[in-house]
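*Asks:* Each chain is listed here by its residues.
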Amino acid sequence: GQSLEQPSEVTAVEGAIVQINCTYQTSGFYGLSWYQQHDGGAPTFLSYNALDGLEETGRFSSFLSRSDSYGYLLLQELQMKDSASYFCAVRDPSTGRRALTFGSGTRLQVQP
Amino acid sequence: DVKVTQSSRYLVKRTGEKVFLECVQDMDHENMFWYRQDPGLGLRLIYFSYDVKMKEKGDIPEGYSVSREKKERFSLILESASTNQTSMYLCASRDAGGSAFFGQGTRLTVV
Chain R
1 GQSLEQPSEV TAVEGAIVQI NCTYQTSGFY GLSWYQQHDG GAPTFLSYNA LDGLEETGRF
61 SSFLSRSDSY GYLLLQELQM KDSASYFCAV RDPSTGRRAL TFGSGTRLQV QP
Chain A
1001 DVKVTQSSRY LVKRTGEKVF LECVQDMDHE NMFWYRQDPG LGLRLIYFSY DVKMKEKGDI
1061 PEGYSVSREK KERFSLILES ASTNQTSMYL CASRDAGGSA FFGQGTRLTV V
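Quick note, the sequences are listed as chains R and A, same order. Following my numbering, the numbering of the first sequence begins with 1 at its first residue and continues without gaps. Following my numbering, the numbering of the second sequence begins with 1001 at its first residue and continues without gaps.
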């Protein structure tokens, strides 16, 4: 089976940098993705890492280390609108890699 | 932009009722999914479908069924609603290689 571990809550101040970690256990690995969900909204795709290293998309970056079964999402120049829940996810081999298995999410609170 | 539309944002149903949640996507995606989301538990896969009339159980299929008669539409059915099925239900679609796109969710309350 698959399991993903991420912190339940993180608090940071506006303008700061925050890192949200994710460790995973999976019987077959096909990449780590990240989703953002605002309260009352739908999850939206942020980034995807198939290979080791850092992927940058504007203020957001995502890192993967396959040897450590570990990744993180880095948010820079935090803004109030970044307050949301963030989920890491892997493709589930038991579904033919069609479905995603999600972590339980990290709630980020950005304070002024 | 991909659009995934769920028929209702909020529903209140009585215990024992048969409940239909509808989901439509407009990007010709092969794969469609139903998840439920509960506080502290993240998103859990109920059922998924990779083609018309094809369906597979996810992690928590008990008490649910699905229907995919057309490629763009994936329905979740609660055969006999129970209070422990009170939850947020999220539909998603994905093409063969891409990221998942979610609908806005249906918050179902079973009383």
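For the record, the hints were derived by calculation from the structure and aren't laboratory data. Among the hints, a few may not be true.
[As the list claims (entries may be wrong)] Below, a sample of chain R positions facing chain A; criterion: calculated Cβ distance under 7 Å: (1) 18; (2) 27; (3) 28; (4) 29; (5) 42; (6) 43; (7) 93; (8) 98; (9) 102; (10) 103.
[Stated by the list, open to error] Label-pair restraints from in silico Cβ distances: (11) R/11 to A/1010: 26 to 36 Å; (12) R/50 to A/1005: 40 to 50 Å; (13) R/38 to A/1051: 29 to 39 Å.
Glycine included, every Cβ here is placed at the ideal spot set by N, Cα and C.
*Asks:* Given the hint of 29 to 39 Å, check if residue 38 of chain R and residue 1051 of chain A actually sit that far apart at their C-beta atoms.
*Replies:* 32 Å, holds
*Asks:* Holds or violated: 40 to 50 Å for the Cβ distance of residue 50 of chain R and residue 1005 of chain A?
*Replies:* 30 Å, violated
*Asks:* Does the nearest C-beta of chain A fall within a distance shorter than 7 Å of the C-beta of residue 93 of chain R?
*Replies:* 13 Å, violated
*Asks:* For the hint on residue 42 of chain R, just tell me whether its beta-carbon gets within less than 7 Å of chain A.
*Replies:* Hint on residue 42 of chain R: holds, closest Cβ of chain A at ~4 Å, below 7 Å.
*Asks:* Close enough to count: is the Cβ of residue 103 of chain R nearer than 7 Å to one in chain A?
*Replies:* 6 Å, holds
*Asks:* Hint check: is the beta carbon of residue 29 of chain R less than 7 Å from a beta carbon of chain A?
*Replies:* This hint is violated: residue 29 of chain R lies away from chain A, its Cβ roughly 16 Å from the closest one there, beyond 7 Å.
*Asks:* Against the range 26 to 36 Å, how does the distance between the Cβ atoms of residue 11 of chain R and residue 1010 of chain A compare: consistent or not?
*Replies:* Between residue 11 of chain R and residue 1010 of chain A, where Cβ atoms are some 30 Å apart, the hint holds.
*Asks:* So, residue 43 of chain R near chain A? Judge it on the closest CB pair being under 7 Å.
*Replies:* It holds, given that the least Cβ distance between residue 43 of chain R and chain A is near 5 Å, below 7 Å.
*Asks:* Using Cβ atoms only, decide whether residue 18 of chain R comes closer than 7 Å to chain A, and label the hint accordingly.
*Replies:* 20 Å, violated
*Asks:* Do the numbers back the hint for residue 27 of chain R, that is, is its least Cβ distance to chain A under 7 Å?
*Replies:* 14 Å, violated
*Asks:* Hey, does the residue 98 of chain R contact hint survive, CB to chain A under 7 Å?
*Replies:* Holds - the Cβ of residue 98 of chain R comes within 7 Å of chain A, reaching about 5 Å at its closest.
*Asks:* Given residue 102 of chain R was flagged as interface, is its beta-carbon under 7 Å from a beta-carbon of chain A?
*Replies:* 4 Å, holds
Consistency with the previously given hints fails for numbers 1, 2, 3, 4, 7 and 12, ordered from lowest to highest.
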